[in-house]
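*Asks:* Single-letter residue listing:
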Amino acid sequence: MPSSADHVGRQPDFATLTSPKWRSALARLRRRPEGGSRGRGLLLGLGGLVFLGVTFFIALRVVLYFKQVEEIGQLLAGKLLGMAFLAFLGILLLSNLISALSTFFLARDLDMLVAAPLDWGRFYLAKLGETVIHSSWMVMLLAFPLLSAYAVAWHGGPLFPLVALGALLPLLIIPAVIGSAITLVLVNVFPARRTRDILGLVTIVGAGGLVVLLRVLRPEQLARPEGFQSLVDFIAVLSTPSHPLLPSEWASSMLMNWLTRVADPLPIALLWSTAGAFVVMGASLHRRLYASGFAKAQEGAGGFVRGASWDRVARWLLVGMPPMRREFILKDLRTFFRDSTQWSQLILLGVLVLVYLFNVQALPLFTGERVPVLIITLITFLNQGLAGFVIAAIAARFIFPAISLEGRLLWLLRSSPLDPVAMLRSKYLVGILPLLVLAVGLTVATNHLLRASDFMMLVSVLTIVAYTLAVAGLALGIGTLYPQYDTENAAQIPTSFGGLVFMLLAITLLAVVIILEAIPVADYLRATQGDVAWEVGPVGWAAFAAAALCCVLAGWLPLRYAVRRLRTLEV
Amino acid sequence: MIRLRGVTKRYGAFEAVRGIDLDIAKGELFGLLGPNGAGKTTTMRMIAGILTPTGGTIEIGGESIVDHPIAAKAKLGFIPDRPYVYEKLTGGEFLRFTAALYGQDGSTIETRIDELLALFDLTPWKEELTESYSHGMRQKLIIASALVHRPEVIVVDEPMIGLDPKSAKLLKALFRNYTERGGTVLMSTHTLEIIEGMCDRIGIIHEGKLIACGTMADLRREAASEGAGMEELFLRLTGEHLDHDLDAVLG
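Listed in order, the protein sequences are those of chains A and B.
Residue numbering for the first sequence follows our numbering, starting at 90 and increasing by one per position.
Residue numbering for the second sequence follows our numbering, starting at 49 and increasing by one per position.
Hints should not be assumed to be uniformly reliable.
What the hints assert, rightly or not - No more than 35 Å apart at the CA atoms, straight line, and that leaves these computed lysine-lysine pairs for DSBU-like:
hint, chain 1, residue 1, chain 2, residue 2
1, B, K74, A, K385
2, B, K220, B, K74
3, B, K257, B, K220
4, A, K110, B, K214
5, B, K123, B, K217
6, B, K217, B, K257
7, A, K156, A, K385
8, B, K136, A, K385
9, B, K174, B, K136
10, B, K136, B, K257
11, B, K136, B, K217
12, A, K385, B, K257
13, B, K257, B, K174
14, B, K217, B, K174
15, A, K385, B, K123
Said to hold, decoys possible - Partner residues aside, some chain A positions facing chain B, computed with beta carbon under 10 Å:
hint, residue
16, S373
17, R377
18, A380
19, A384
20, T424
21, S504
22, D508
To be verified - What follows is a list of derived Cβ distance ranges for each label pair:
hint, chain 1, residue 1, chain 2, residue 2, range
23, A, L132, B, Y132, 46 to 56 Å
24, A, L195, B, D162, 26 to 36 Å
25, A, A403, B, Y132, 18 to 28 Å
26, B, D212, A, F447, 29 to 39 Å
27, B, S273, A, L378, 54 to 64 Å
28, B, D153, A, R540, 45 to 55 Å
29, A, F447, B, T159, 49 to 59 Å
30, A, L435, B, D153, 24 to 34 Å
31, B, T159, A, M229, 55 to 65 Å
32, B, D212, A, V641, 36 to 46 Å
33, A, P411, B, T171, 27 to 37 Å
34, B, Y59, A, W645, 27 to 37 Å
Derived from the structure by calculation, the hints contain no laboratory data.
Keep in mind the model is a prediction, meaning the values are calculated, not measured.
Every residue, glycine too, gets a C-beta built ideally from N, C-alpha and C.
Can you make the complete structure from the sequences, with help from the hints?
*Replies:* Laid out in structure tokens, this is it:
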């Protein structure tokens, strides 16, 4: 019998190694869309085009504005590009940490690839390529309209896309190599599942820190030259490279050189030689550590249980509830707080709230010239919209995935005598309580910072309570109607088509509520301006009642459909 | 105890199950056998209430699984072919949660959980998260979860996958004892030795139809193969045979 060992010298090429991935992607593209999925595709495509168009338009306006500024326009544009690339680099470093863990240690095809007589170098390059694609498609999507704006403003020419690709590719490769190297070292120290927890936490803390840092540094001050001692100081800051040793700076220099017709090969040489050197170093580290890391990744994480004391408290608090509902709530709390990819999102939430409060506090309303009460009341009223948006985003992240996360366990829930109403009620309860506390806390705090009147405070608090109750129902309902049972990562679920539908509906509801409430609030403002006594009139009451009715319907209807769907669900 | 009448299941134009009629009596251990893709798992999942039949009726202990799902499912314990559990719950918590789904809790259930964990040698793992369990341990935990509420009927899809010989022997004894005490088991498996040695009656499902049903003796008669083993009977009844040229494959 001829042996497979006879062919061992012949190694598969890169295209063959990655063929399961790209062939699957092609098959998905070729599959003829049917009914609903065609509509989804169209909506997603349209949404994407609108996003790209708006980003391009804003970027073009900014770049053209910079270009017109004499002396420093080009420097400003270069600085902006450098900052954008620096932000990309930060995002890429963080996302590569998670992607590399997945592609190198947790992917389903690894058993087959590792068992095959495959050259380690090819394996490394194939997996590195996969990591680059997984972690950087979003950055490429963001870079496209930005770089197009630069190309249009400076007439980049037909070769600009190639030059841009030449600048971006090493910028994508370098963080992928760093991310996979860090992952490789960590997996050798911890089991892969524990590493995922650690990396998830590092990523979240890193991203949160980055946002806080950027906000506290107040980058908007760069656009205000009056903040500098003299114009010379300002120009000096602009013309000095902020981070001369970072690839983001080299990439922006390379592109600005092309656009402004400066012949300087140094940035290109720096970019590509660094990327090449990193790949070589990454490959050699891979050769030394991958086998032991992969073996370690097969080990279990060790199932120690955290938080026994709060578990006892929660159990005590839920005493008296029917066992089905109590155990469902306890199960949801346990699975949330024991999964670091879930609870660590609370850190990002904290950062979001902090940045929001910081922005409200930084509004120049009570410093310098006196701002009319009318403006302050208007800002207080519109702040409801912002608070509502934050609450909708949080509901999308924490309540929307609730049913999808049951995915693989639906066999148990569907074969047991569990009533879908009881399940949805438990999930609603788990989601709504913390969301209400946050919504009311946020509204009271921002209204306090804005020194809102008692009337505005009352309107804001009642509105946010009604909106939060509705949006939680909407999130749970739409999450049930558009489930993602196969997604293991809860953070990915809100980015699905259903997540988009939910956000669109939540924002529409918010707009309707604000428009309706604008009627009595405008009345109130007119009375305040005229300094006359005022009470809510019949039209005002009708507007408030209509807003409340919208909230009730928006929360109740999706839940009703969700119950129907769960009763006939097939898994 | 289990009654199927004209049960069909269609996925678009494809008919996975085609008009199955079946009665399984109380205290009976019934084995369902068939080639891959024959419709066994679809049938089992319809009986468990996970899939809704396109046509026909299914009753568990006299309750229709479609019209009165809660009453029917309360009598049932289902063991799926793939042991998915909540990875962030401990074994003990998972069993407590399952019991609560059937409205049961308190000291009786705590005792029951300890008994079941001891039976399947899982006591040392009671407080460990199930993410650290092996495939076989998860399978045993799921079997325990199907028994925790003392069901009248057990529907089990491929029970032996991943079990070590000791656990497999234990499970066989468990099902035997369970049926002797009046419980009913509907089991689907490819392990012919189990079907032959354990089941009171056997149903053979092929291309969505129940093509044969009865005791081993009945099946032998039907296939006109006196003295034949289960493997031969199965191939004969399903019309399948080994006709591949192994020389060409192995070289």
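*Asks:* Against each hint, give a clear statement of whether it holds in the structure.
*Replies:* Hint-by-hint comparison with the structure:
1. K74(B) - K385(A): Violated - the C-alpha atoms of K385(A) and K74(B) are around 50 Å apart, more than 35 Å.
2. K220(B) - K74(B): Holds: K220(B) and K74(B) sit about 18 Å apart, inside 35 Å.
3. K257(B) - K220(B): Satisfied, since the Cα-Cα distance of roughly 27 Å is no more than 35 Å.
4. K110(A) - K214(B): The hint is violated at about 41 Å.
5. K123(B) - K217(B): 25 Å, holds
6. K217(B) - K257(B): 31 Å, holds
7. K156(A) - K385(A): Roughly 55 Å separates the two Cα atoms, so the pair is violated.
8. K136(B) - K385(A): 21 Å, holds
9. K174(B) - K136(B): Between K174(B) and K136(B) the Cα gap is close to 13 Å, so the pair holds against 35 Å.
10. K136(B) - K257(B): 40 Å, violated
11. K136(B) - K217(B): Measuring from Cα to Cα gives roughly 30 Å; hence the hint holds.
12. K385(A) - K257(B): 47 Å, violated
13. K257(B) - K174(B): 42 Å, violated
14. K217(B) - K174(B): 22 Å, holds
15. K385(A) - K123(B): With Cα atoms ~44 Å apart, K385(A) and K123(B) exceed 35 Å; violated.
16. S373: 34 Å, violated
17. R377: This interface hint is violated because 29 Å lies over the 10 Å limit.
18. A380: 23 Å, violated
19. A384: This hint is violated: A384(A) lies away from chain B, its Cβ roughly 17 Å from the closest one there, beyond 10 Å.
20. T424: Check passed: Cβ of T424(A) comes within 4 Å of chain B, closer than 10 Å.
21. S504: 4 Å, holds
22. D508: At 6 Å from the nearest chain B Cβ, D508(A) passes the 10 Å test, so the hint holds.
23. L132(A) - Y132(B): 46 to 56 Å: 32 Å, violated
24. L195(A) - D162(B): 26 to 36 Å: This hint holds: roughly 35 Å between Cβ atoms.
25. A403(A) - Y132(B): 18 to 28 Å: 25 Å, holds
26. D212(B) - F447(A): 29 to 39 Å: Since the Cβ atoms of D212(B) and F447(A) sit about 59 Å apart, the hinted range of 29 to 39 Å is violated.
27. S273(B) - L378(A): 54 to 64 Å: 60 Å, holds
28. D153(B) - R540(A): 45 to 55 Å: The hinted range 45 to 55 Å holds for D153(B) and R540(A), with Cβ atoms some 52 Å apart.
29. F447(A) - T159(B): 49 to 59 Å: 55 Å, holds
30. L435(A) - D153(B): 24 to 34 Å: Taking Cβ atoms as reference, L435(A) and D153(B) lie about 30 Å apart, which means the hint holds.
31. T159(B) - M229(A): 55 to 65 Å: 59 Å, holds
32. D212(B) - V641(A): 36 to 46 Å: 56 Å, violated
33. P411(A) - T171(B): 27 to 37 Å: With Cβ atoms ~29 Å apart, the hint holds.
34. Y59(B) - W645(A): 27 to 37 Å: Given a distance of about 33 Å, which is inside 27 to 37 Å, the answer is holds.
Hints 1, 4, 7, 10, 12, 13, 15, 16, 17, 18, 19, 23, 26, 32 from the list above are not met by this structure, while the remaining hints are.
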